[in-house]
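First to last, the sequence lines map onto chains A and B. Converting from the first sequence to my numbering requires adding 666 to each position, the first position being numbered 1. Converting from the second sequence to my numbering requires adding 575 to each position, the first position being numbered 1.
Don't take each hint at face value.
[Stated by the list, open to error] Quick list of simulated restraints, FRET-style, between CB atoms:
id, chain 1, residue 1, chain 2, residue 2, range
1, A, Asn1058, B, Phe843, 32 to 40 Å
2, B, Asp659, A, Pro1062, 56 to 64 Å
3, A, Gly1284, B, Asp739, 46 to 54 Å
4, B, Glu822, A, Val1417, 45 to 53 Å
5, B, Asp739, A, Leu1276, 54 to 62 Å
Just so you know, the hints here were simulated from the structure itself, not pulled from any lab data. No residue lacks a Cβ here, since even glycine has one placed at the ideal position from N, Cα and C.
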Amino acid sequence: MCLSWIFKLPKSKAMVMKIITLFTLLSLIITTAGFTSQPDTISGVVLDSESGEPVPGAHVYYPGHQNGTVTGPDGFFEISVRNGVNTLAISHIGYRDSFLDISDTGYHSSLTIKLHPLQVQSDDIIITAGRMQMNYSGIYSNSKTRAVEDHMASISGLDMVTRANFAKDPVIRGLRDGRVNVLIDGMRLTPACVDGMDPATAYVEADNLKSIEISRGQEAYPLASTAPGGAVNFAMAQPRLNTGFTGNLETGYHSVSEQQMGQAAFAHGGENLAFRISGTYRKAGDLRTGDGTRIVDSGLEKGNIFSSVLYRPTENHQFNLRYIGDFAGKIGYPMLLMDTRRADAHIAGLKHTWTNPSNRINSITSNLYINRVEHWMDDYSRDVTQRDVMKNMYMPMYGETLTAGLTSELNASKNSHFLNLKIELFSIDAFADMLMEHVNPEIRDMYLVNLGDVRQRNTSISAAYQYFAGNGWLLGGNVQAEAGTNQLSERSAVNTFRAEYPGLENLEPTDVVYSIGLSAEKEITDRFQAGVRISDGYRLPSHMERYGYYVYQPLDGFFYHGNPGLKTERSSQAELFVTFGNDRSLLSGNTSFWVNRMDNYIAGNRFDELFKRYKNMGVAVLTGFETDVTVQITGRWTGSASASYVLGQHRELEEPLPMIPPLKGTLLIQRQSDTVSVESRFRWAASQNRIAGQNSLETRTKGYALWDLFASTRITQNLILQTGFENLLNTFYTDHLSVNSMPGAGRNIYVSLRISL
Amino acid sequence: MFNKKFRRLSGLLIAILFAATACSDFNNNNSDLISEPDLLKLGEFTDNGITVEAYAEAPLAVGYNKIYLEVHEAGVRVDQPSFDFTPMMHMENHSHASPYDIPDGSRDDVHDLYHTWAIFTMPSGMMGRWELQFSVEGQPGIVADGIISIDVEDSNRVKTFMTDDEQRYVLTWIEPAEPEVGMNDLAVALHKRESMISFPPVTDAVFEFEPWMPSMDHGSSNNVSPAHEGNGFYHGQVNFNMTGDWELRFDIVLNGEDLGHHVFELDF
């Protein structure tokens, strides 16, 4: 089993190889002249034979010999020559092993090795978590009409907050919101709804995606940030060159919510210009739960357009312009006070990749982006005379955000040293307000501002370093520094915060934070690796934590006020991980144990019966584990099991942290082939009795087990039919991270048909 | 010696001198000439050669009102007059005054006029009519007496109440005049009705204050209950965290005696 980082970089080219050859010849001359005593090495790059993209984390070794190396994030490797050994082996999960005869290459050092994928799955959405490509990518990983959340449903360590039958907030190791970075193709997006009804997953469709990359905790790769929970990056699909005209159509139906989905895409790949344009539409009615009831007003309707243009003027330069437009109509949130009336998002970015700008520098990638989100919600369809909170009051609310940024990243390597440097600048502008209209027309409307023209500007630089030290050791270190400024401009918001915090002089602080990490891994045998990672860092409070005003939290029934005076929050983490097996063994998998001690933990502090204010509230500790095991039963049959657990405790409040997922996992058996694939999956969760009973309205949830069955049939070369029964036994269940205990979906029969043109 | 030429010359000289002194007198008089203030004129009267004009910043209403005065003789301001003043309401069966202050002869910074204030406890109308009664002494011995009839609009800024032992009080809500979201200065005044015409300030009351939004069922935080700052005026702070319907709730205690719970309503 290999260690892998997932960095997608364009392939190298002949010119670069010539430079490498020149350099190697030069060093050869120097060596023979006796100026240095470096060992002889073979180096090269490993690429995917289908896509031409580099394959990071491929194992490069001499068969029969234990030592070897692993390709870096850009696919490059360097290995010392072994006298008398003529064969070099390269292997990686998902590809056929490759063996190279190097007997007459001598000190030839510009190898380009192409690995052939085991299946034609170039359309599949690949999930990677941490530095592992998850063994489970799901039988519907190439379905473009499934909601994005469905692709993330069974990843250990990743959970999702459910507020409706739509758009779930990722939770990594028990942390979410301002503690987890959610990116769309490396671009930050700021949700506009103060009630959390529009996480970034609301604006992305499976059709837009190539892969979902997840970092758990303060990892350096692949998504370094100061977020203590980690990060989720929805990497967008790129159009391919040299493919001519292609297209596909997919239509699907889910019985449990009478949801119809349609997706169509059209693409053209020329020699150096390619584009892809696609659209997705979905419309759903009320969701039926396991006890047969329909959750009234839980339907939704939305459309999504995605266009991407790829331009490669020379072999070294690539430009990728992409745009996502997402337009949602009414989305029902029956467990919350309001429904979304309309939500629009425009996400645009230009990415430039410069391959091999110089010797040792493998790539420089820059990403310039801007996105805008607008969100309208109201409770006009509700009976406000009967509810407890805001009784007799309609409260239409509006929110908008503008996020813009520039990221630039450099990847360099020399021998067994890999360096990644990144600089990032971004700004967030946010505004939100609400109107309170009493049912009695004689009572005057009330108006307040929830986010008063808040602006945050951040700059960060980070460096991550890895070194294959020999004897199977891999050492790593990373450091990051981030500075953030804050501004509050709207007049009544400024007056409000001055009135709420009369002792606070500066409402617009500037903060600087850092995070550092160290890791060490050892390849103990070729089937067993273990490692440890420690990290420590601070994060900046989010704009909601600082400047949100009068924001209702259904979890505890309080209205929250922000606190401009918040101090930065600290997280110190340690992780022990073990990887076993490799792509040739029967059993493979990984396990991680982790601890996270947080200080100055930002949470809501009770102010009176109605209000809480964000405050730094001492120490909170979380700990847990994830484990994934895959069994290669036969060539076609695979079994896998995963489980994860989080324990969270707030020391200062002397009670468990709220919204912590219980012990849960997945068990599945899969048969994959080119024509028919089937999967039987169990999703299970234990009951959660550790609740924040004193300071919130959290309730216990019972454990559950769900059984899903899927089948995917390639009817013809161009026609794939997917069918499935989810929650086949129609179990009534509630996930613990479901706000106000919205029950999960009952039995769902789904069908989708995909035509490739 | 007093020949024609000399007489003409001296005449000219005298004329020049006279003109010079007259001019200087004229200049002095120019600086005492009044100009039309940029305020709402309430009325005027003239008595014994002295004219008294009354102005206000806005139409008078129930509550605390600043009144500006100009006193002049034929356009020339009278310096340092002394005043006597009473606002009186004439009702069908009787007349009564209300809390007021007497102008002290100083001129205010903003409008450069003599100034005072009155708290009108009722509106003009069917119940009666209001008058401002003045007695102004310019130069010693020269007194102008007169009245200016005024119109007072209704408002909810005054509460008159009677305690169990039949003591009557006037509670006036003065600030904020124009409420805004955020922290506002809060000012109230408390006067006691000693007689029909005597309303002395109450200087040792203790206020407990809470703003409240009845439709939202909550108040706000960081409010400061009004504390006495002189002459029956109490100052504090009120925090409005949103626009809408608000109640200003006051509990008053005077020397251990409970003066009751009083609520002013506002919406903005």
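Hint by hint, here is what the structure shows:
no. : hint                                : in the structure
1   : A:Asn1058 with B:Phe843: 32 to 40 Å : 20 Å, violated
2   : B:Asp659 with A:Pro1062: 56 to 64 Å : 58 Å, holds
3   : A:Gly1284 with B:Asp739: 46 to 54 Å : 52 Å, holds
4   : B:Glu822 with A:Val1417: 45 to 53 Å : 60 Å, violated
5   : B:Asp739 with A:Leu1276: 54 to 62 Å : 35 Å, violated
The structure fails to meet hints 1, 4 and 5 from the earlier list, while all remaining hints are met.
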